[in-house]
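**Q** Residues per chain, in single letters:
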Amino acid sequence: MYDFLVDLIGNEIIAAFISAALPVVFIVPFVIFGVLMERKVAGHMQDRLGPMRVGYHGILQTVADFFKLLQKEDIVADGIDKKFFNFAPYLVFAGSYAVYAALPFSSKYIGADIDLGIFYIIAVSGLVVAGILMAGWTSNNKYSLYGALRSAAQIVSYEIPTALIILSMVMLTGTLSLAEMSEMQTAYFWNWNIFGGAEWSFTKLLLIPFMFAGFLLFYISSLAEVNRTPFDMPEAESELVGGYHTEYSGIKFSMFFLAEYANMFAVSALVSVLFFGGYHSPIGYVGNTLGLEALIPFEQVFWFAAKGIFFVFVQMWLRWTLPRVRVDQLMTICWKYLIPYAFLNLLIIGIITLI
Amino acid sequence: MELYDLIFYFFAIVTVVSAFMVVTSKNIVHAGFNLLFTFFGVAGIYVLLGADFIAVVQLLVYVGGILILLLFGIMLTNKITSVELRTGTAHIIPAVIGVGIFWGALTAIVAFKTDWVEVNTASTESTTIIGLGNLLLTDYVLIFELLGILLLVALIGAASFARREIEELKD
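So the sequences go chain by chain: C and P.
Counting with our numbering, you get residues 756 to 1110 for the letters of the first sequence.
Counting with our numbering, you get residues 127 to 297 for the letters of the second sequence.
For reference, chain C alone in the conformation it holds in the complex:
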């Protein structure tokens, strides 16, 4: 994509900026759609209708909310640390946006096709933690500080099972690059990693149960990493008001919101790349059938978005089904259950890979 833009524009700097800004074109509509979906899913799960007023069945509700947030007064309370307080929301968003650099949207567009793709994604999530701590501390408010400390502790702890499952997938595929990992799961859905990968052999059958276990472990810990229910302790309304973004309003609050939804899609996309074939279609391409090669990248973007949005939907589904866990239960789940199981899974997948 970058090379194509360099040819088109003729200036490296402008081409790099455009190529880097493309995920925004995806994130902003996704957030507008995602927030509406969240409210509609919530409504229908509770036997309500959700927003109905703005547009047909409320489809323009988020757009209206967005303009409302833009117009709101930017409240900066006294006694807070203004410099870092103003900077923190952007740092959190930058951390979630940086993840998009390594996500392969299609075989033709990946922000940076680095060989360290998935390792880089684990690493940059540290920026989000730092941003959340910054937001919580500079707010000079005990609820914000509690929320930030909980969130940071949670993300740091759940990074371990996530990283262990990712490690087992890296052992299986032999690459850290997400684009290569997607390419391995090409053609039909039985080639996906969750069904044991593309190689037809005895080990494929052996792998299937451990792949499912790995997927479940990864999905649970990724829920905790993006602070979604049942692990949304950092912003538990009943105890902490709004968590680390209690003091924020207007555009800065919407940056946190944007970052949260961007993160939700990013982990869902990661799940789809690791286990469900990434941008590859489960049933073959229309472009191949019609003989139109140019159609394939667009179909791939569609499948990538569809898989990602499906897992975002599952996150919402869980949010309105499960009650929130307590802080000690949260840590127990991570350290006493997820990490040992993830280690066991890693060991077994390693042995099967060696066979």
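Derived from the structure by calculation, the hints contain no laboratory data.
Even glycine gets a Cβ: it sits at the ideal position worked out from N, Cα and C.
Where hints are given, some of them may not hold.
Stated by the list, open to error - FRET-style restraints, in silico, Cβ to Cβ: (1) P:Gly176 <-> C:Ala1049: 31 to 41 Å; (2) C:Leu777 <-> P:Ala280: 18 to 28 Å; (3) P:Gly274 <-> C:Val1069: 35 to 45 Å.
Stated by the list, open to error - When the alpha-carbon atoms are kept at most 25 Å apart in a straight line, the in silico DSS-like pairs for lysine-lysine are as follows: (4) C:Lys837 <-> P:Lys152; (5) C:Lys837 <-> C:Lys897; (6) C:Lys823 <-> C:Lys795; (7) P:Lys152 <-> C:Lys838; (8) C:Lys827 <-> C:Lys838; (9) C:Lys897 <-> C:Lys838; (10) C:Lys897 <-> P:Lys152.
Unchecked claim - Over 10 Å on every C-beta distance to chain P, these chain C residues come out as not near it, computed from the model: (11) Asp820; (12) Ser880; (13) Ile949.
Chain P: place on chain C using the hints.
**A** Below, chain P alone, put in the same frame as chain C:
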């Protein structure tokens, strides 16, 4: 000016300015937050040097690990955030002499004693992990394993510290 020059100057300025803020800041939490930008800038410079693995490890270990631990430590320590740090120099002449000698020795070693290897930038590989992985499991396998044992010992030590305190609380 090329794209990479622009990126280099951006990261260089971020690193130097934030490092300056870390040492001059009177508030210890501000120093911690500024350290984030120093680590980030150094990671960017590693990328420009072609050391992609080191850059990501820099982010993972320093930003994701050490800095978060540092901030936790500062925030959970009672009354540390309101302490005014003394940043004025007390002994400026000895300090200048000491730092000058150290800096001079370092620069002299770097400038005259190092065997600089000229690398053809066009032929460098896209990633360093393959070479790194091979070296770690062949030439440096003993050191690698020893480091693993060291980390395990540290982990067990940390766990035993935490456990002892809980038992003391129960008494």
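**Q** The structure should be examined with respect to each hint, and the outcome stated for every one.
**A** Hints, one by one, checked against the model:
no.: 1; hint: P:Gly176 <-> C:Ala1049: 31 to 41 Å; result: 35 Å, holds
no.: 2; hint: C:Leu777 <-> P:Ala280: 18 to 28 Å; result: 43 Å, violated
no.: 3; hint: P:Gly274 <-> C:Val1069: 35 to 45 Å; result: 37 Å, holds
no.: 4; hint: C:Lys837 <-> P:Lys152; result: 16 Å, holds
no.: 5; hint: C:Lys837 <-> C:Lys897; result: 17 Å, holds
no.: 6; hint: C:Lys823 <-> C:Lys795; result: 20 Å, holds
no.: 7; hint: P:Lys152 <-> C:Lys838; result: 14 Å, holds
no.: 8; hint: C:Lys827 <-> C:Lys838; result: 20 Å, holds
no.: 9; hint: C:Lys897 <-> C:Lys838; result: 19 Å, holds
no.: 10; hint: C:Lys897 <-> P:Lys152; result: 23 Å, holds
no.: 11; hint: Asp820; result: 31 Å, holds
no.: 12; hint: Ser880; result: 7 Å, violated
no.: 13; hint: Ile949; result: 26 Å, holds
Figure legend: structure checked against the earlier numbered hints; hints not met, in rising order: 2, 12.
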